[in-house]
Amino acid sequence: DAGVIQSPRHEVTEMGQEVTLRCKPISGHNSLFWYRQTMMRGLELLIYFNNNVPIDDSGMPEDRFSAKMPNASFSTLKIQPSEPRDSAVYFCASSLTGTAPYYGYTFGSGTRLTVV
Amino acid sequence: AQSVTQLDSQVPVFEEAPVELRCNYSSSVSVYLFWYVQYPNQGLQLLLKYLSGSTLVESINGFEAEFNKSQTSFHLRKPSVHISDTAEYFCAVSPSADKIIFGKGTRLHILP
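Respectively, the protein sequence lines represent chains C and Y.
Once you know that position 59 of the first sequence is 59 in this note's numbering, the rest is easy, because the numbers rise by one and skip nothing.
Once you know that position 6 of the second sequence is 6 in this note's numbering, the rest is easy, because the numbers rise by one and skip nothing.
Keep in mind the hints are simulated off the structure, nothing from the lab.
None of the values given here were measured: they were computed from a predicted structure.
Be careful, since some hints might not be right.
Cross-link-like lysine-lysine pairs, in silico, DSBU-like; alpha carbons within 35 angstroms at most [stated by the list, open to error]:
(1) 69/Y x 68/C
(2) 49/Y x 78/C
(3) 78/Y x 68/C
(4) 24/C x 104/Y
Output of the computed footprint for chain Y on chain C, the stretches with three or more beta carbons under 8 angstroms from beta carbons of chain Y [what the hints assert, rightly or not]:
(5) 42 to 50
(6) 91 to 101
Only some residues are given here: those of chain Y computed to face chain C with a beta carbon under 7 angstroms [unchecked claim]:
(7) 39
(8) 97
(9) 105
Note that CB positions come from ideal geometry on N, CA and C, so glycine has one too.
Required output: the full structure, derived from the provided sequences and hints.
Take a look at the structure:
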């Protein structure tokens with residue numbers, strides 16, 4: 001298995017532009033998580049999907065952020081409009097429902113977003 | 001609510017010296033504990049985990065962690081660190097079947 005695949009690895013965009021981050025979870029995993037990592041705030045859980053349905057989006061910072069999971073093999077995190085304070089590394093992680101205590105999550109390599 | 005506290009945000013240590021990264025957790029139910037490692041410019045990787053049984057768990061690269069129920073701790077140790085151990089280390093607890101709560105991380109700096 002290729003693991004959790006995120007694209008792009010790096011994204012530089014201008015303030016006000018729309019940004020879309022993509023994630024392909026491990027085949028067979030049905031739980032998907034989006035995290036944001038910054039020096040100031042550390043690792044923050046943004047949203048959690050189970051069987052393609054958003055279960056907990058309480059970590060989504062504001063309405064500019066939205067996430068979708070149209071099918072079991074693809075998810076997007078969109079920021080519109082983007083702001084410099086959104087600059088961070090965004091991680092996607094996946095797991096098989098019910099197995100987190102035994103196997104943990106598998107993380108992607110992240111997307112480093114810079115908003116100028 | 002369950003939580004994880006990593007007591008040190010940064011730990012500098014000389015190469016070949018021992019190191020301990022501290023982690024305390026709060027939990028009122030069965031405890032499943034993890035240490036994850038994040039190397040520079042990479043995602044988090046599972047380093048080791050405690051589920052049950054022996055309180056001492058080991059990783060393939062020489063790290064070990066000991067589950068101490070009375071002190072609610074799960075400290076990570078290595079007797080001799082190498083420059084390649086430079087990374088950020090996250091302690092985590094799983095309070096339910098789908099949830100993992102991560103600590104804020106400890107950056108390990110290896111000094112030559």
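Hints versus structure:
1. 69/Y x 68/C: violated, 40 angstroms
2. 49/Y x 78/C: holds, 33 angstroms
3. 78/Y x 68/C: Roughly 41 angstroms separates the two Cα atoms, so the pair is violated.
4. 24/C x 104/Y: holds, 26 angstroms
5. 42 to 50: holds (count 4)
6. 91 to 101: holds (count 8)
7. 39: violated, 11 angstroms
8. 97: holds, 4 angstroms
9. 105: Hint on residue 105/Y: holds, closest Cβ of chain C at ~6 angstroms, below 7 angstroms.
The earlier numbered hints that this structure contradicts are 1, 3, 7.
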